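Sequences are here, hints too, so could you generate the full structure?
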Amino acid sequence: MPIEKQVLTGKQAKLKVNLRKLFNGEVPRSVPIKEAVGQAIIDKILENTAEGRDKDGNGFVSYSDSYANSPEFVAAGKSKDQVNLRLFGDMLDTMDVIEQTRDTITIGWSDDLQATKAHGHVTGNIRKDGEARDFLGLSDDDYESIAESFTEDLEGEATETRTQEFEDNLTTLRSIFG
Amino acid sequence: MKVKVKNLDKALKSIKKDILDTTERSGVLNEAAQMSMEAIRQKTRAGLSMANTNPQGRATKLPPLSKSYQEFRKGKVSFYKGKQGQTYPVNEASDKLNDVDPQYFRPTFANNTLTGQLLKALKYRITSKTSFEIFVANTRREGDDHTNKEVAQFLKDQGRGFLGIDSPTTERIKQLWLRAYRRKIKK
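Note that the protein sequences, when read in sequence, are chains H and C.
Take the first sequence: its letters are residues 1 to 178, numbered as in the working numbering.
Take the second sequence: its letters are residues 1 to 187, numbered as in the working numbering.
Because the hints were derived from the structure by calculation, they are not lab data.
Mixed in with the good hints, there may be bad ones.
[As the list claims (entries may be wrong)] Result set (BS3-like, lysine-lysine): computed pairs, CA atoms no more than 25 Å apart in a straight line:
hint : chain 1 : residue 1 : chain 2 : residue 2
1    : H       : K44       : C       : K61
2    : C       : K187      : H       : K21
3    : H       : K78       : C       : K120
4    : C       : K17       : C       : K74
5    : H       : K80       : H       : K117
[Unchecked claim] Examples of chain C residues lying across from chain H (beta carbon under 7 Å, computed):
hint : residue
6    : R45
7    : G47
8    : P168
9    : E171
10   : W177
The model shown is predicted, which means the values in this text are computed figures rather than measured ones.
Don't be surprised by glycine CBs; every beta carbon is placed ideally from N, CA and C.
Shown next, in the form of structure tokens:
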């Protein structure tokens, strides 16, 4: 079973990450640490995307001339040569950890429009030529590096008392912003 | 002329015990204000109004320009006011068109941009430990008798208001806080 699995149903695009596989059988128990792992994955996806690379490290397909000449594209101060899937930033900046189970976290969007945009990029159906810009995922090397960076957190988890505070605050932020 | 971000205020006051220290909070607040201001600027230039959102909270298109105003922006006519305040066009280009914003001005496209001075006058200020506001500075415009604040008010009165926060931008503000908290969890 692979570490990640894309879920592309309807117009939804999600990335389901198997924590048991990621951490070689040792699964983080606390919600905040799972969220932190999710954030590390999101950060790496954003970093790759900003560099114009898809989940396999390949460069993104160029923007079309018609899109590059649109008022929206010009207004965002974008360059045709810099393909980073960022117009205003609404899609990439709202990518979130949207679900957790005991062994998995799911990264995606709570907003349907942003999920639809992501689905379009990942599947290629946003373009006339159908070419995808598959940014939603990471390489095995990226995952390995993330797993290593959490070694200390997993070891110290049993004695960590602040995780409840983090969990309370994250819950509060989520609920108030709606 | 300003937009106050109140949700943030409500959210941060409800945090039971803040994990982020003062510097980190200040950094995220500044980042949220800067990002929101830039979103207003970019979306307005793209012809969208965050002041007038649809039921889903998304920015809507600014109203189209009148045909006569499009002709003015193409440099084909100027407008003069008569003694009774009536406006009429004459076949003469306006001096104002010498100073159009070369990057964002398009004659037939409604984006609250002619010289570009108005959107460059957007500013933000942090108003408390948990809130900020974005406003149009009351600065005098070059080649004009009005201030940028007056122009913003005029546009609002014409149904072309642009100071607001749409739902994606609200979600981005939320994510800035969530991401800062999550990054803090990791040792």
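Worksheet item: Honestly, which of those hints from before does the structure not fit?
Response: 1 and 4
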